[in-house]
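> The primary structure of each chain is shown beneath.
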Amino acid sequence: MLPSRIVLSKGYDNDHLIIPNGSEEYYTLWNGAQEYLKAALKDKPTRTEPFNEEKWGIIAANNPYYFEFKTDINIDIVKWVLNIKNSVDSVMGLNKVAIYPDDPENGYSDTIYIKDSNNIYTYVVSGYGGAALDQKEFETVYESHKNNFKIKNYKIAIETGSKSLLPKDMIAPFTSNSEEEYTNLNSISFGSLQGPTSSLAEYDAIQLELLGEIRNDYYPDEDVYGAVVFKKSDSVYRLYKNSVIEYKYTGNQGVTERTRILDAYQKAVGFIMELKARSRHMDNINLYLSSVKEGSNSFIFKFDYSIADGEGHGDVPLLLKDFKLPNSEQSLDSAITIEATSKRVIQCRWVALKLEVNKIFKEYTWNFPELVDRAYSLNKELSNANLPIRDYGIYYVLTPPEVNSTMITPSFVLFNNTGSYDMPLDGK
Amino acid sequence: MDWKQAKTILIWAFIVLNLVLAVILYQNTKGGEISRDTIINTQKILEQNNVHIECPIPKYNGKDFILQYEETVLDKNKIINGLLGDNYSKISDNIYEKGTEKIVFNSGCYFEYSDSGSNKKIYSQSKSEVEIYLKELAKKLGIPLDEFQLDSFSSSPSGEDPKAVYKGIYKNYTVFDNYIEVEIGKAGLKSIKYQYKKPLTISSRDIKVIPVYQILVTKMTGYPGIDISDVDIGFKGIKGDKDTKTLYEGLSWRITTNQGKEFYFNATSGELME
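First to last, the protein sequences are chains A and B. Anchor point for the first sequence: position 222 equals 221 in numbering that gives the first Met the number 0, and the numbering is continuous, going up by one each time. Anchor point for the second sequence: position 122 equals 121 in numbering that gives the first Met the number 0, and the numbering is continuous, going up by one each time.
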């Protein structure tokens with residue numbers, strides 16, 4: 000559970016800075032925010048009101064600290080991550096949080112705004128005595144980032160006064176060019192993608208890469224689609240030719256008690272941690288929970304990859320497109336899709352790539368309004384859909400033909416409820 | 000110093016040392032062997048748990064082996080023509096019928112024939128008669144009968160309709176997943192179930208199998224009241240999911256009861272297999 004965006008604000012109509020994900024300051028601020036969330040969630044909110052986009056836009060612009068998540072995080076997961084034992088369960092979950100420590104509008108108490116899919120909750124906390132996210136820390140982080148990076152004239156959408164289809168709390172360089180540096184991404188696919196082999200030694204080599212050891216309880220095989228398979232009596236690993244790996248529990252589910260989301264999440268996270276620990280491919284990858292869906296007595300969690308660009312530039316997220324499985328028409332829209340019950344992980348599919356950045360930085364200048372216009376003119380379905388833009392970002396976009404590519408440059412990506420639209424950035 | 004005596008003492012000392020080392024080496028080599036006491040104790044534990052065993056308990060605890068198959072597709076036409084002759088109806092790609100006879104192909108390497116009308120006469124239900132009949136039929140259908148051996152010949156619980164089961168055999172190992180099951184009614188052939196994949200090679204794995212006495216003690220004591228008639232080892236595959244082929248198999252222990260029920264346990268994990 001990591002925020003996908005942390006924004007530092009000097010207030011409405013003033014400067015806003017996006018703190019690079021994965022940077023030292025990112026973790027300092029997120030750790031500080033956790034302290035405030037812990038303090039807030041112990042009590043009932045001071046005020047609960049139905050979600051209003053304008054109102055939330057103003058909160059996002061006004062408050063010094065703003066945290067966005069890619070999806071609604073269920074309150075049970077939040078409590079587990081924050082190690083909150085006793086809480087008043089007024090909030091169903093959270094997807095955005097704004098924090099104003101020592102808020103002058105609330106008698107210099109700490110004010111925390113939490114947004115879930117329905118409501119805005121305001122907590123005025125007086126019991127938190129720590130110094131996390133105080134004015135001094137704000138200034139330190141703000142000054143260091145303001146000086147370290149090229150100018151980014153970020154605004155919150157509501158400040159522009161425009162009646163566009165953009166979310167009111169969206170932060171973007173609305174009024175002028177943004178200059179940013181990115182490196183190129185190198186991608187290497189998992190193992191040999193030549194498909195099944197008749198050599199046990201070759202199977203062992205693949206298994207070593209997949210499981211981090213040679214497991215004698217897994218027997219090699221192949222499937223009707225030409226994928227390499229390792230199976231034992233209750234599970235199957237399948238390595239597809241497009242570098243997608245699939246794990247399936249094939250054993251007996253036993254007595255099916257109702258699945259609790261936290262149990263399922265813990266099982267999913269445990270599986271992924273194990274996967275990361277034994278994989279040589281995921282050292283420099285950060286994972287962001289991007290979607291949670293309830294299945295029939297299970298939960299399906301999706302995680303997206305981000306890769307550290309290095310030298311304080313933070314993480315750049317990856318957009319994986321058109322990674323399909325042979326038995327499905329639907330593309331995998333996330334790097335990891337994992338389904339779990341209270342008892343176990345029953346399926347996990349992940350795009351297994353060895354990703355590296357070449358650390359040669361190149362400057363990119365981009366203009367948000369221009370790129371949005373270009374996206375609309377290039378994509379008929381985008382202009383016809385008339386659906387509001389949900390989000391945007393700079394991503395490394397990867398499709399199956401590029402799984403073994405050394406020159407993946409960043410792209411501007413727009414998201415609406417039907418999908419994503421990407422355009423490569425023009426570098427200098 | 001008496002050098003001659005010293006030399007003699009040293010020679011004897013080395014001879015004794017070598018003998019001691021040889022004994023240790025022998026014990027190390029044979030150290031993994033299952034002792035007679037272990038087998039007797041296993042039998043006692045089984046009896047205490049109301050599990051009766053009427054056969055010797057195998058002592059094998061050596062290496063596991065892996066059997067690799069060649070992908071095999073049965074000659075459908077030969078099988079259909081051999082069993083149904085002409086004028087059959089194709090119900091679907093995998094189902095063919097003629098009167099009371101029906102053939103179902105379930106995968107590339109399996110078919111099932113059934114007949115409720117006894118079109119194929121077998122004049123006696125004896126083992127030898129069935130063997131002669133099957134030999135002739137195998138020639139017509141392209142079944143490599145020399146790669147099978149009779150595994151059991153039994154009557155059904157009511158005492159009628161004998162069933163002959165042949166299992167695959169490759170390099171002296173039983174291949175449990177290759178089989179022919181023939182059921183004979185009084186008036187003739189009732190059904191055939193046939194599964195065959197061509198074995199290609201056997202390779203050893205750097206892992207030892209679990210001796211079967213451990214499986215008997217830990218798993219079979221959970222089935223009180225059964226009578227174990229046979230215990231043997233052979234190759235059996237793990238099914239996986241529906242899209243997975245089974246081209247590699249490891250060793251499995253088979254435990255057969257007097258009632259004809261078979262339990263298969265993976266010989267390296269000890270897990271009960273379907």
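If you are wondering where the hints come from, they were derived from the structure by calculation, not from laboratory data. Errors might be hidden in some of the hints.
[Unchecked claim] Part of the chain A face toward chain B, derived, beta carbon under 10 Å: (1) V223; (2) A226; (3) V228; (4) D233; (5) P325; (6) D372.
[Said to hold, decoys possible] Ranges between beta-carbon positions, derived for each pair: (7) N30(A) with D240(B): 14 to 22 Å; (8) D233(A) with N257(B): 50 to 58 Å; (9) D233(A) with N80(B): 36 to 44 Å; (10) M406(A) with T217(B): 56 to 64 Å; (11) G211(A) with E130(B): 45 to 53 Å; (12) S117(B) with D233(A): 39 to 47 Å; (13) S198(A) with D240(B): 48 to 56 Å; (14) Y26(A) with T71(B): 53 to 61 Å; (15) N251(A) with K43(B): 27 to 35 Å.
[Stated by the list, open to error] 27 Å max Cα-Cα, derived DSS-like pairs, lysine-lysine: (16) K241(B) with K323(A); (17) K120(B) with K342(A); (18) K218(B) with K342(A); (19) K240(A) with K238(B); (20) K218(B) with K77(B); (21) K292(A) with K241(B); (22) K218(B) with K185(B); (23) K162(B) with K323(A); (24) K218(B) with K75(B); (25) K342(A) with K75(B); (26) K6(B) with K43(B); (27) K301(A) with K75(B); (28) K3(B) with K240(A); (29) K240(A) with K218(B).
In this text, a Cβ means the ideal position worked out from N, Cα and C, and glycines have one as well.
> Decide, hint by hint, whether the structure agrees.
Comparing the hints with the structure gives:
1. V223: holds (5 Å)
2. A226: holds (8 Å)
3. V228: holds (5 Å)
4. D233: At 8 Å from the nearest chain B Cβ, D233(A) passes the 10 Å test, so the hint holds.
5. P325: holds (9 Å)
6. D372: Not OK, violated: D372(A) not within 10 Å of chain B, min 46 Å.
7. N30(A) with D240(B): 14 to 22 Å: violated (43 Å)
8. D233(A) with N257(B): 50 to 58 Å: Given range 50 to 58 Å: violated, Cβ gap about 30 Å.
9. D233(A) with N80(B): 36 to 44 Å: Taking Cβ atoms as reference, D233(A) and N80(B) lie about 41 Å apart, which means the hint holds.
10. M406(A) with T217(B): 56 to 64 Å: holds (57 Å)
11. G211(A) with E130(B): 45 to 53 Å: holds (52 Å)
12. S117(B) with D233(A): 39 to 47 Å: At 43 Å between Cβs, range holds.
13. S198(A) with D240(B): 48 to 56 Å: violated (24 Å)
14. Y26(A) with T71(B): 53 to 61 Å: For T71(B) against Y26(A), whose Cβ atoms are near 57 Å apart, the range 53 to 61 Å holds.
15. N251(A) with K43(B): 27 to 35 Å: Because 32 Å falls inside the window, the suggested range holds.
16. K241(B) with K323(A): Within the cut-off at roughly 19 Å; holds.
17. K120(B) with K342(A): violated (55 Å)
18. K218(B) with K342(A): holds (24 Å)
19. K240(A) with K238(B): With a Cα-Cα distance of about 22 Å, the restraint between K240(A) and K238(B) holds, given a limit of 27 Å.
20. K218(B) with K77(B): violated (43 Å)
21. K292(A) with K241(B): Given pair K292(A), K241(B) holds - Cα atoms ~26 Å apart, limit 27 Å.
22. K218(B) with K185(B): Violated, because 39 Å separates the two Cα atoms, which is more than 27 Å.
23. K162(B) with K323(A): Violated - the C-alpha atoms of K323(A) and K162(B) are around 47 Å apart, more than 27 Å.
24. K218(B) with K75(B): violated (41 Å)
25. K342(A) with K75(B): Judged against 27 Å, a Cα distance of about 44 Å means the pair is violated.
26. K6(B) with K43(B): Roughly 55 Å between the alpha carbons, so the hint for K6(B) and K43(B) is violated.
27. K301(A) with K75(B): Between K301(A) and K75(B) the Cα gap is close to 45 Å, so the pair fails against 27 Å, i.e. violated.
28. K3(B) with K240(A): violated (77 Å)
29. K240(A) with K218(B): violated (40 Å)
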